[in-house]
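Enquirer: In case you want the letters, here they are:
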Amino acid sequence: MLTLNDLKVGETAVVVRLHGQGAVRRRIMDMGITKGVPVRITKFAPLGDPVEINVLDYELTIRKSDCALIEVEKEI
Amino acid sequence: MEPKPIIIALAGNPNSGKTTLFNKLTGSRQRIGNWPGVTIEKKEGTVKGLNHVTVQDLPGIYSLSPYTPEEEISRNYLLNEQPDVILNIVDSSNLERNLYLTTQLLELDIPVVVALNFIDVSRRDGDKIDSRKLEKKLGCPVIETSALKGEGVDECIARCISTVRSDDNTGRADKVAAPFGEEIEKTIKEIESAVGDVAQKRHRWTAIKAFERDEKALTGLSLTALQREMIEGIIRRTEEKLDDDSESIITTERYAAIKALTDNVIVRAERKGNLTRSDRIDRVVTHRFWAYPIFIAVMAALYYIAISLGINTQDMVDGWFGDGLIPLVQGWMEGLGASGWLTGLVTDGIIGGVGAVLSFVPQMIILFILLGIMEDIGYMARIAFILDRLFRRFGLSGKSFIPMLIGTGCSVPGIMASRTIESQRDRRMTIINTPMIPCGAKLPIIALVAGAVFGGAWWVAPLAYFLGLLAVIVSGIILKKTKMFYGDPSPFVMELPAYHVPSVGNVARSTWERSWSFIKRAGTVILLSSVVLWFLLHFAVIDGSLVMIEDEMIADSIAAKVGAVLGHLFAPLGFGGWQASLATVTGLIAKEEVISTFGVIFRIEDALGIIEEGQYAGVGAIAQHFTQLSAFSFMLFNLFCPPCFAAMGAIKREMNSAKWTWFAIGYLFVFAYILSFIVYQIGFLFTGGSFNVLSGLAVALLAGSLYLLFRKPRAGVFVSA
Chain A
851 MLTLNDLKVG
861 ETAVVVRLHG
871 QGAVRRRIMD
881 MGITKGVPVR
891 ITKFAPLGDP
901 VEINVLDYEL
911 TIRKSDCALI
921 EVEKEI
Chain B
616 MEPKPIIIAL
626 AGNPNSGKTT
636 LFNKLTGSRQ
646 RIGNWPGVTI
656 EKKEGTVKGL
666 NHVTVQDLPG
676 IYSLSPYTPE
686 EEISRNYLLN
696 EQPDVILNIV
706 DSSNLERNLY
716 LTTQLLELDI
726 PVVVALNFID
736 VSRRDGDKID
746 SRKLEKKLGC
756 PVIETSALKG
766 EGVDECIARC
776 ISTVRSDDNT
786 GRADKVAAPF
796 GEEIEKTIKE
806 IESAVGDVAQ
816 KRHRWTAIKA
826 FERDEKALTG
836 LSLTALQREM
846 IEGIIRRTEE
856 KLDDDSESII
866 TTERYAAIKA
876 LTDNVIVRAE
886 RKGNLTRSDR
896 IDRVVTHRFW
906 AYPIFIAVMA
916 ALYYIAISLG
926 INTQDMVDGW
936 FGDGLIPLVQ
946 GWMEGLGASG
956 WLTGLVTDGI
966 IGGVGAVLSF
976 VPQMIILFIL
986 LGIMEDIGYM
996 ARIAFILDRL
1006 FRRFGLSGKS
1016 FIPMLIGTGC
1026 SVPGIMASRT
1036 IESQRDRRMT
1046 IINTPMIPCG
1056 AKLPIIALVA
1066 GAVFGGAWWV
1076 APLAYFLGLL
1086 AVIVSGIILK
1096 KTKMFYGDPS
1106 PFVMELPAYH
1116 VPSVGNVARS
1126 TWERSWSFIK
1136 RAGTVILLSS
1146 VVLWFLLHFA
1156 VIDGSLVMIE
1166 DEMIADSIAA
1176 KVGAVLGHLF
1186 APLGFGGWQA
1196 SLATVTGLIA
1206 KEEVISTFGV
1216 IFRIEDALGI
1226 IEEGQYAGVG
1236 AIAQHFTQLS
1246 AFSFMLFNLF
1256 CPPCFAAMGA
1266 IKREMNSAKW
1276 TWFAIGYLFV
1286 FAYILSFIVY
1296 QIGFLFTGGS
1306 FNVLSGLAVA
1316 LLAGSLYLLF
1326 RKPRAGVFVS
1336 A
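Taken in sequence, the protein lines are chains A and B.
In our numbering, each residue carries its 1-based index in the first sequence increased by 850.
In our numbering, each residue carries its 1-based index in the second sequence increased by 615.
Since the hints were made in silico from the structure, they are not lab data.
Be careful, since some hints might not be right.
Which stretches of chain A does chain B cover? Using the computed rule of at least three CB atoms under 8 Å from a CB of chain B, they are [as the list claims (entries may be wrong)]:
| # | stretch |
| --- | --- |
| 1 | 861 to 873 |
| 2 | 887 to 898 |
| 3 | 910 to 917 |
Each computed DSSO-like pair below joins lysine-lysine, with the alpha-carbon atoms no more than 30 Å apart [what the hints assert, rightly or not]:
| # | chain 1 | residue 1 | chain 2 | residue 2 |
| --- | --- | --- | --- | --- |
| 4 | A | 893 | B | 874 |
| 5 | B | 748 | A | 885 |
| 6 | A | 885 | B | 1176 |
| 7 | B | 874 | B | 804 |
Heads up, the beta-carbon is just placed ideally off N, CA and C, and yes, glycines get one too.
Construct the entire structure; sequences and hints are all you get.
Expert: What follows is the structure in structure tokens.
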């Protein structure tokens, strides 16, 4: 399973599925990270965590532990 | 005839310019408080020039889901309070995500008017949005606005009013703005029939909520068991068919529908290598290497201006009162022949108390201006971003840094600065832990112990600060693992908003509001307690009657007697004499009072001044009252024990809940007590004392604390670490 954590800076992938449950998951989805949406890694914070990603043309920060819930597949 | 009152609910994403719009609409006619029982701010106001139109500001939300307090508050308000119209402010440079909320608002059967804000930014970035087309597709009025520039604001209000008045049909979405896919629409219709007449209105919304299994939305609907079973069956069937759970299905469908809508409505400009202006700024500001130096520089500037300048203004105000107003009134009252106690009460008690409150204000104003600018620009989010990794470990948010930094000067504005933290849990944690940081007023105590008792040992002062920092970390970790702070539903998923030029109006307004609310709320606490304490210090019961006493007779005062009783409480910490107990109690007014009180007790003129100048021989009498160990324990206790009344007032203001306020104060007291206890008792063993019950207790407490610190938190609730 490929997750957001497997991407490097500048790489884009398409969301396949959201794992996890409850508030965490809902929040991630509410922010636009849903099936079929492309997501790009903008940068990592200076200490490596959290991650800044670009989704729906805006910048979002999300922790690596939550990135593990986002299953993706690389764009062809 | 009086026009009928109209209530406009203002809803929108955080960072969409809602605050700016609210300020432009209501000007100074705002009332600010908190939503009941929570730390979330509640703002409402009357529209400038239109007395019958009220604007109710709702917390910034991304969705109407049932998980976070902000969403719940907004949802409940919209469902139960029946505003006449919703003014939905949408960030046009972020259209899709903003419309996610819009489509949900449209389902509530309340007229909606959309303000397409930051239109100047999208124009500048080269995006073209067809507002007329958007209006047709959404089925509600869409007005281009630039709240910052004031463009379109009047039109919004006019449209809101006309929508309510004429029952203008464009305000009500008779058709669905962004329909889901065929499959889901069918499912929704099925659930609508299953629910039937139980829901009087908002059929579609109710059906969608039922599909999402949103229990909170369904309270108040009396669905029979059979209906529930039917609905559950429909949900399961669809979930299996689409191989996904209902919540995920709806959010995905919603966003897909919105994408289809916006693709038709907005033409995006070519980005230079994919970077917007904000992106380019962030390349430096959150750069792997440069982020921290920049951050430190900004913090140093903030600190210098707010604290140093602030302390100067504080001294200035103190001077006005201490050297100016008080002697003036005193002379005046004595001239009028007023009795001693009345003069004392008015000058020292009341005016002194008022002065204590007001002396904080200039410092806070400076601080709030600086914070307001940083928030408005958007830098706060970047701070949280670069500090999060570090702070997460201690149960805090990256945004907790600022309150604590401010707390090194004075914890009152520090506690109030915790407003910028969105998560309620993080905010509470920050409020509780900020007072542990040694503030400026605690310096004389540290100086006394380091200079007079330890003969100027260099390591005492740094150790005290280090312990303060350690205490915050330890306390954070311990609290994080307790049931009440664990398992908070707000994960750290945060937008990094585009940088904006700060609005003078916003900064001015937030500064005014915060300063004034401090004066009002914290002020009453400080004033009252100053008066009471003044009374206890200046009165004694001699031969059965209440008599006012001179300063030298402080040993006979009621306060001293109280101190003696409290002495029993403090004896295990090594400072059970009435003098130290009394000093600790007066420390509640302001930490400097600890030294002043000692000065009065031991007949040392201007003890504070002596310590400030480092002439420690002059306060030798105080030093002799302690052993080195007991002095250290005393210092520790006063560093961490419940802060001054002003800070308590600030805690009360920010917690907005009696339960939490008492918890914070109680926790700080217990924490300080146990810490001092352990240090004194175990120190006692090391300095030749014999092992006894208290020592055993100290060891047990130490073991217990270490357990709380290192244990595995309860499993079973998923939370981002």
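Enquirer: So, for every hint listed, does it hold in this structure?
Expert: Going through the hints against the structure:
Coverage of the stretch 861 to 873 of chain A by chain B holds in this model, with 6 residues showing a Cβ closer than 8 Å to a Cβ of that chain against a need of three. Residue count for the stretch 887 to 898 of chain A with a Cβ under 8 Å from a Cβ of chain B: 8. That meets the three needed, and the coverage hint holds. Counting residues of the stretch 910 to 917 of chain A whose beta carbon lies closer than 8 Å to any beta carbon of chain B gives 6, which reaches the threshold of three, so the coverage claim holds. Of the pairs offered as hints, the one joining residue 893 of chain A and residue 874 of chain B holds, with about 25 Å between alpha carbons and a cut-off of 30 Å not exceeded.
Distance restraint check for residue 748 of chain B and residue 885 of chain A: the Cα-Cα separation of roughly 27 Å lies within the 30 Å cut-off, and the hinted pair is therefore satisfied. With a CA separation close to 71 Å, the supplied pair residue 885 of chain A and residue 1176 of chain B exceeds the 30 Å bound. The hinted pair formed by residue 874 of chain B and residue 804 of chain B meets the criterion: a straight-line CA distance of about 23 Å does not exceed 30 Å.
Hint compliance for this structure: hint 6 alone is broken.
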